Each structure stands twice: as structure tokens, then as C-alpha cells.
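Student: The residues making up each chain are set out below.
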Amino acid sequence: MYIYDEYDQRIVEDRARQFRDQVRRYLAGELSETEFLPLRLQNGLYVQRYAPMLRIAVPYGVLSSQRLRKLAYITRRYDKGYAHITTRQNIQLNWPNLEDVPDILEELASVQMHAIQTSGNCIRNTTTDQFAGVAADEIIDPRPWCEIIRQWSTFHPEFAFLPRKFKIAINGAREDRAAIGVHDIGLNAVRNEAGELGFQVLVGGGLGRTPMVGAEIRAFLPWQHLLTYLEAILRVYNRYGRRDNKFKARIKILVKALTPEVFGEKVEAEWQNLKDGPATLTESELQRVSKYFVSPELESFPGDDAGYLDKRGSDKGFNNWASRNVHPHRAPGYAAVTLSLKPNAVAPGDITAEQLEAAADLAEQYSLGEIRSTHYQNLVLPYVRQKDLYELWHKAREAGFATPNIGLLSDMICCPGGDFCSLANAKSIPIAQSIQEQFDNLDYLYDIGELELNISGCMNACGHHHIGHIGILGVDKKGEEFYQVSLGGKSGRDAAIGKILGPSFAANQMPTVVQKLIDVYLEHRTPEERFIDTYERIGMDPFKERVYAADH
Amino acid sequence: MRLIIKDNQVVPDTWELLPKDATLDQLTNTGDVIVPLAMWLEHSHALKARDGRLGVWLDADEEAECIAEDLDSFAVIALNFPVFSDGRNYSNARLLRDRYQYQGELRSIGDVLRDQLFFMRRCGFNAYALREDHDPHAALASLQDFSEVYQAATDQPLPLFRRR
Ligand code: HEM
Ligand code: SF4
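Here the protein sequences line up with chains A and B, keeping their order.
For the first sequence, counting from 1, position 345 maps to 345 in the UniProt record's numbering; every step adds exactly one.
For the second sequence, counting from 1, position 43 maps to 43 in the UniProt record's numbering; every step adds exactly one.
Bound-form chain A, shown alone (with noise of 0.2 Å):
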């Protein structure tokens, strides 16, 4: 994990004492509710229905047992007691005092961590693969580079005041599980022929009401030129990207409007001003920072684990658990544990404080201390000794993390909605609770096996709908609730957008769509066929005759 050194802690400390004086001047009407608009946005500040909503940074996603406790006493000391984990691994509060900010940042930065840039048109948290660093698929750890964009990107005095909002995902494994196709920029880690690190760059993907898959710029960019490079994209963004709608100001409508050809010419003639010059990474920065991702000391075992593999066997609890909580890890004996936050009748990503010392107590004994939020709003256990999981297993059920659904249907993406965002068409929690009660029956779950399904309240796709094997969209009729339903949307290496399945349904009948789709794959698939190989091979219409058909 990155630890701060004198300059990175002055800097986090200078922000909570500047945001203490903004917060003072906004209170003494020194400064406008526009003028400090972009302030409190720039802090993860939201207003929101019922009281400020604050986006904690968790940059690409690690944290400690030491901020888990932080945060625990934060949502009780400030909030109402929980939190919640949003789907670019950062950690949202539903219910702080504006007047408590500039404390909550003070409080922050002693465990070194802030809000910066959570919000607003700037450039956001850089998010990666959950399993960084131990994946067994793994080529290239990203967090180091994901360090060194944090660093780069915090308070770039050009770059404050874009367009619009700005994320950047990167991968370094064969899978692609940061979802780089889906950002304004994605950044692929590989080597070319000669053995040499750099990134494949892709640009202009995005959700929200125009959803695209980003196009590549750059098959290899030798890592030297990471930051020139970003700088050059970021450039030809702020200058030509439209400001005049702000529904057509993210980075995919430039690039869409110029071409990924046009606007990959643009960033080369701007970087070949910028190549070569201080900005280019050094071996030595590179070195400082890898060191704190160096793998620790672990034990060295010959292989699995017997004790582990027996209790597999005899205990099909526990088993069931194992084989979707628990991940392949690159050392022999180890595995990565997901925490999952999803039980039934939770709002999924959300957190109580206490769950939030528990979590941290079981990075404490069984994972060095470290543990990571993930986009699809869980935890996850980087170093766990395969000899503790059963033990482990135990203490994650006590303390309600031990659902065993992960990559399952009820391991739904979603996202605030209606109960808590005022640009919400409907409600998402509440669709997603009658959909867990429809699908309880675990056994049924585990034979519908891996499915994505995401819930957004608004076409602003927080709840990533678009790349959800089933996405489900919030939308309003005449001041009504509905729900527009899409399939065949996908994250990963093929990321995909979804197709939209047809006119939309009231609350109460989706449990029953969703059941009348997984009818079909059931009854369609082949045995090795997931849901969404079954829907890329026959097809919507079968979905959607089934759905629509007139009730007998």
C-alpha cells in the first residue's frame, strides 16, 4: 500500500484547511451557492434530497484496517451510523453536516486519505481490478501506475475546470475486470515484442445518456511518456471539447464528432510538443512507488491447501461460499475472499460501521491488514491463507459479509436511485430488494449461475445498466415510476452496451420479468452456456415474446 511522505501528507493537509476557509466564507455569504458549487464538487460534496451527500476518495480501491476504523468512527461520530460502497470503489455518506466537512477531511487526512476530486469536472479517482497484485492472471500490477496518475491528477491547475467529469480505469491482466472500455480514458498494461512495458490507450467510453465503448488511440505507449501523453488528451479535451451542452460535453462526443482517428492525430501533435520533457517518468519515480506495492512476505506452501479442500467436501455450506467467494490467487496456498455486500434486503453497497470494524478486524487476522472496495460495491481479502477460509468463512457470516452469491444474480449492481438522489426518475434499491426476494432460493441461483444484472435510477448510469447482462433503467411516464429493461450488456475484454428489450414495466412487475427471462435461458441454454452466451446465440426475440406475451 502507498504510504504518504512528508510532501503528499502537506498537501492533503493543505486541502481540509483550504476547504475549512471555503466552508467559512459559503456560512458567512462571502461566497455564492454558484461560486461554491464547484468547491464542495471538487471535495465529493453533493447536495443532495435530504442532506449533503460526501464522496470519500478510495484511489483504485485499497484500504487498511487503520481507515476502516477511521471511516467506522467517521459514520458514527458524523453520520448515521453506515456508509456505502459506490461502483468506482470509493465510499459515499448519505448524511453529513456541511458544518462537519472540514472536520471529516481533518479526520481523513490522518489516516491518508481525503475527498479530493470524488466530484465535479475534473479529473476523478483512476479505478483498476480489485484483485491487483495477487490476480493468477495478472501481467502487470497496475496499482503503481495508478499511484502515479493519482499524483499527477491531484489539483492539475489545467485541468480543474473541464467540460465535464473525467475517469480513467486501468487493467494489467488477461481479463479485463476494471471495466477500461466503459471510461473517457482506459489504459491496458502489456508488453510489446522486445519485452517493454507500456499501455495500450483508449479513449471516449463512457455510460450515462450516450453510452459508447472507447476506441484505441494507441496500441503501445512506451511507459516513459504515461503522463505527457495523458497531459496531450487532456489538453485537446479542455480546449475543443463542447461546452455549450452539458449532456454532450464528456470526451466520447469529441471524440465521436472528430473520429478516434482525427482526435488520436490531435493528441500526437500536441504530445510531440510535450514528449520528452520533465514530465516523462523516471525509472527511479517508478521504482519509489512499485516499492510499496512489492507483494509482502508470504508463506510459501506447495500447493492447495488438504484441510481446505476436505472441508469443501464435506460441508456444502461452505463450499458454496468457497466456490463464489473465494478467488484464484497467484500464490500457491493463498486465495483473494470477496466480502459480499449484497444480502437480501440491504441496499447493495451499503455498510454499517460496525460491519466496517468487523471487515477491518478480518483484514487484521487474515489479510495483512489489507483489504479493497470493489466496483461491484464489495470487499475483498487480497492474502488469505487457504488454511484459514473455513475459520474465516465463520466470522464473515457473523458479521453478515458471508452471502455467497458473488458473480451471481443477486450480486446486483446498484446505484443510489430515487430513495437518495434527487436526479432520479425511480426509485433502484426497493427494485433490487424484490428482485434478491424473487431469486432467495440459493440452490436456484446457483443454477442459473453467473449473471450480471445492474440497476441505474436515471439515464445517468451510475448503476452501469448499460453493461449489465440484464440492465434495468428507472424511467418516468407522466410522473410515474417505470422500468426499462435492456439485455446483453457486458464489461470486460468485449465490453458491449445492452439492447433495449422493449416498452417499460411498473414497479411490481419486475420481479416477474426478470423471472420470465431467466425462464427462457433455462429452458434454451446449453450446459456450459452462461446466461449471456445464450442470449449472444438465440437472441432478443425469444426474450421478448416471452416478456410481452398476453397473459393466459
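For the record, the hints were derived by calculation from the structure and aren't laboratory data.
Keep in mind it's a predicted model, so treat the numbers as computed, not measured.
Just to be clear, a hint being listed does not mean it is correct.
Heads up, incomplete: computed chain B residues facing chain A, CB under 8 Å, no partners named [unchecked claim]: (1) D86; (2) L113; (3) F146; (4) P157; (5) L158.
We treat Cβ as the ideally placed atom computed from N, Cα and C, and that holds for glycine.
Go by the hints and put chain B with the ligands onto chain A.
Tutor: Using the frame of chain A, we list chain B with the ligands on its own:
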């Protein structure tokens, strides 16, 4: 007389800023004027022949490239922020300083608020005409909001990683 911040001090502003629709015949021969880009592009000869000093101002949708060849003609270049949230002129500022090596006064005008000054300074501005209702004396403090920075920019050409 209006006060501006220049080189970290509050000073009276001696320049007259001409609006976009100003015409050449409104100009006196001697005063110091900052003219809109269109006027410069159309009347550069006449403007250079005046005795008074000359500046030019660019709006957010105008490009630094348009004056890159002419920088020696200006004692001041002003960059306008139609609203503070329009960040295009941060890029123009950097181009003028870093790419075209402009050495004269670089001034922010328009919706200039104290909480943007730190970023402006880093992009090469050295003068700030704050919005009329803002007190430049109070705003001076915001130039020092941060005591350390990560990235290379005009004010600090070396990124922190080459200094730490
Ligand atoms: C409740 C307050 C929230 C508000 C007002 C809000 C607002 C928005 C808006 C307006 C957009 C679209 C921006 C655009 O396309 O330019 C957006 C996108 C997004 N939001 Fe939220 N959001 C909220 C909460 C959340 C939460 C809790 C999450 C995570 C669970 C989230 C994750 C996202 C993501 C991932 C996108 C990106 C979609 C893209 O790349 O286009 N948001 N949000
Ligand atoms: S998708 Fe819409 S309703 Fe959901 S959080 Fe985003 S803005 Fe709010």
C-alpha cells in the same frame, strides 16, 4: 481606479480594456489599451503605430496560436473567463508561456474568483483582475493555498518526482 493583483501585490490598474465591439476610432493615441483579438487581427499596423502601450485579450474560445507570431507586440495578454468554470484559458496560458515563451504580463479577466488564483498562477498568470465585487487584498492569501504541488506546470517546471 480599479485594483488588480500583479506579481503578488495589489496595484492600481492603468490599462483600459476594450470590449469586443469597440472600434479603432474610439482609440486615443497615447493611453495603454488591451484590445480584443479581432481588432488586433484586423488592425495590427494601426495599433502598432500608436504611442500608447498595447495589450490583447483572448476569449475562452479563441486560440493562443492566433497570436503566437506576434508576442513581441504586447506588453499585456489578458485571457477572459466568461464564467469561472470555463477552463479553456488555463490551456491557452500554458501554451503562451511554455510553448511560445511569452514573457510579458499574463492577466486573467472576467469571472476571476479567489479560489481559482492558485491554479491560474501555476498555469503562468502573474496578474489577476478579480471580479469587481471581490476584494483583491483578501484574495492574495489564496495564491498560497498549497505549499507543495505534484505536477510540472509553468510556475514549477519540475514535477515533484524529480525533486523529492
Ligand atoms: C446520489 C448522488 C449522485 C448523483 C447526483 C450522481 C450524478 C451522476 C451524474 C449526473 C452522472 C452522469 C454524468 C455524465 O454522464 O456526464 C453520473 C454518472 C456516474 N455515477 Fe453518479 N451520481 C450519484 C451517486 C452515485 C453513486 C452512489 C455511484 C456509485 C454507486 C455513482 C456512480 C456513477 C458512475 C460510475 C457514473 C459513470 C457513468 C459514466 O461513466 O458515464 N454515482 N452520476
Ligand atoms: S443513476 Fe441517476 S438516480 Fe442513480 S444515482 Fe445516478 S443520478 Fe442518481
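Student: Could you run down the list of hints and mark each one as holding or not?
Tutor: Each hint, compared with the structure:
For B:D86, the suggested interface contact is upheld, since its CB lies about 6 Å from the closest CB of chain A, less than 8 Å. The beta carbon of B:L113 comes within 6 Å of a beta carbon in chain A, closer than 8 Å, and the hint placing it at the interface holds. Given the 8 Å rule on beta carbons, the hint for B:F146 holds: about 5 Å separates it from the nearest Cβ of chain A. Proximity of B:P157 to chain A holds as hinted, the smallest CB-CB distance being about 6 Å (cut-off 8 Å).
Interface restraint check: B:L158 against chain A, minimum CB-CB distance 5 Å, threshold 8 Å, status holds.
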